[in-house]
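Colleague: Single-letter residue listing:
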Amino acid sequence: MSPSQVEAVQQRDTVLSVKNLVTHFFIREGEVHAVDGVNLHVEKGETLAIVGESGCGKSVTALSMLRLIASPPGKVLSGNVIFQGQDLLHMKQSQLRKIRGKGIALILQEPMSSLNPSWTIGRQIMEAIELNQGIKGKEAKEKAIEMLKLVRIPAAESRFNNYPHELSGGMKQRVMIAMALACRPQILIADEPTASLDVTIQAQIMELMKQLKREIGTTVILITHDLGVVAEMADRVTIMYAGQVVETADVFSIFHNPAHPYTRGIVRTIMDLKDKNHRLEVIPGDPPNLLNPPPGCRFNPRCAFAKEICREKDPDYKRVKGSDGRWVRCHFPLI
Amino acid sequence: MKRYILMRLLYTVVVILGVSILVFVITHVIGNPVNTMLPLQATDAERAALKHQLGLDKPLMVQLSEFLGGMFRLDFGKSWWQQVPALGIVLHKIPATLQLVATALVIAVVVAIPLGIIAAYKPGTLLDRILTTTSLIGICLPPFWVGLMFVLFFAVKLGWFYTSGYGTIRHLILPALTLSVVPMGHLAQIVRFSMAEQLNAQYSITARAKGASDFAVLFAHALKNAATSIVTMGGMDLGRLLAGETAAVEVVFGWPGFGTLIVDTIGRQDFPLLQAEVFLVAVIICFINLAVDISYGYFDPRIRY
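Chains A and B supply the protein sequences, listed in that same order. Taking our numbering, the leading residue of the first sequence gets 1, the next gets one more, and so forth. Taking our numbering, the leading residue of the second sequence gets 1001, the next gets one more, and so forth.
Everything labelled a hint here was simulated from the structure, so no lab data went into it. Any given hint could turn out to be false.
Cut-off 25 Å, straight-line C-alpha distance, at most; resulting in silico cross-link-like pairs (DSS-like, lysine-lysine) [said to hold, decoys possible]:
| id | chain 1 | residue 1 | chain 2 | residue 2 |
| --- | --- | --- | --- | --- |
| 1 | A | K141 | B | K1122 |
| 2 | A | K143 | A | K210 |
| 3 | B | K1224 | A | K75 |
| 4 | A | K138 | B | K1224 |
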């Protein structure tokens, strides 16, 4: 796709758009269709949540955007990731490196293993500052301590010299956030930032992210499977299922007026505490094996509304008629 | 740290004592140096006289206690063969072997580490496959055979180096190269696999995500974490080279070092000399292990003594 064609699809205040992203993993058993035609865009200043079950391709999507997929076995087969008018998937490594960090920063989901165990946390934050803010030495060190204070790490000056194993999981995740913010990114991707933490720490980290977002105003892509977090943090939501985006809408519509049967299914799995007789609903069946996805719509084996065409033809991902920026991948959308 | 080193030194003493006693008992029970030292037609009286002279007619426990007493004064007695203090002979031969082993290890490190890193950086490529296969073959080849092949080709056919002897760099290269083959294979494998593991670790993705160059990820991030495995393998190989693998290679190349000496000593059943050799090898290996363990603390901050 040429830049002009790319431009034509972009919206006014879109800072990042992903088009038809396809990432497969080539393993002994065959080809895993981990991400199969993902489309999404992020608007300036918003928080976009990417939601889906484990293994639906959320993290692979995020890593593919910055070309951080381990290859082999993974390979980004096609697609465009447009940021500042440039396609990240088709640029030189040296150019891409300037966008990683300063343009788009990443917080990974495992704070335990995402920090280098043999470097002090201070040095790791300093590296982010030196690479992305163009300052070095003592000045960078002061900035790093400032970042530790920003993420509310007590006794930041002495913590600076700690190694990751000397910190708790929640503290490590704060360091990860500090490190990502130290890059001064335009977009911050947080990949399940609280998944491996216990519940009280999860709440603290989410609260911190919310505060920082208010203070700094970065655009955030939040990858999660926690609908509670989505309700609290997100402006818009992109729902993924089996390597594809099935629906995108504003957060209110997702919860109150979902268009895709899958979205409706996951929203209904939330407990309504006010309704004493409410039984927890589940979606029957399991997500498909991505080594061999079902023909037609990938959700059809579990869908209560599936008809003949759903088993034969994969629906297009298209704009919902008469809606304001709602997209759905379904032959028979619910709205 | 001080306490740890002190404990380790104490432990070293125990190891050396154990090894020395073991070798002493085995040689004295199995060996019969009198037969080796006297001509075949020697009379029983002559044999008994020599046995008495060497002190081999005393009860084993008495001999052992005399030997241990001497060992604590670093006195292993005189070599039966050369009639000079045994430890002196061994110490005299050590530098030539150290020169050989150090050269071999340097060659192995200089070749294996960069190649292993490149293979880990580009896994699955042709270079990676060639490297993993050849390094495996290198580990499997017996050094004495490799040495003979090198002699045939580089010394006899091409005439670049001397077939044997000691003194110049043209004497040194072939035996050092021969000796470097096995550790080179070991190191290439361990570097390849531990670096690949580190490059796939989450923290390497984190580093790349903040804009670090591949060079920085490889050398500043991953190598330090892979270092403990690499140093462990290097230390083991160094010990193996000093303790045994030099013997065959030194004999093939007529290198007047510790390895040749040990082969001679065993053949002559020169017990005092053998004990001095075993003692020295044990000391060296214990110190290599200590150095390796201390280095862990430098590479991995989770390890503290």
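Colleague: Next, verify each hint and record whether it holds.
Modeller: Verification of the hints:
With a C-alpha separation of about 34 Å, the suggested pairing of A/K141 with B/K1122 is violated against the 25 Å cut-off. Taking the CA atoms of A/K143 and A/K210, the gap is near 22 Å; set against the 25 Å cutoff, the hint holds. Between B/K1224 and A/K75 the CA atoms are separated by roughly 28 Å; this puts the pair beyond 25 Å, and the hint is violated. Taking the CA atoms of A/K138 and B/K1224, the gap is about 24 Å. The hint holds against a cut of 25 Å.
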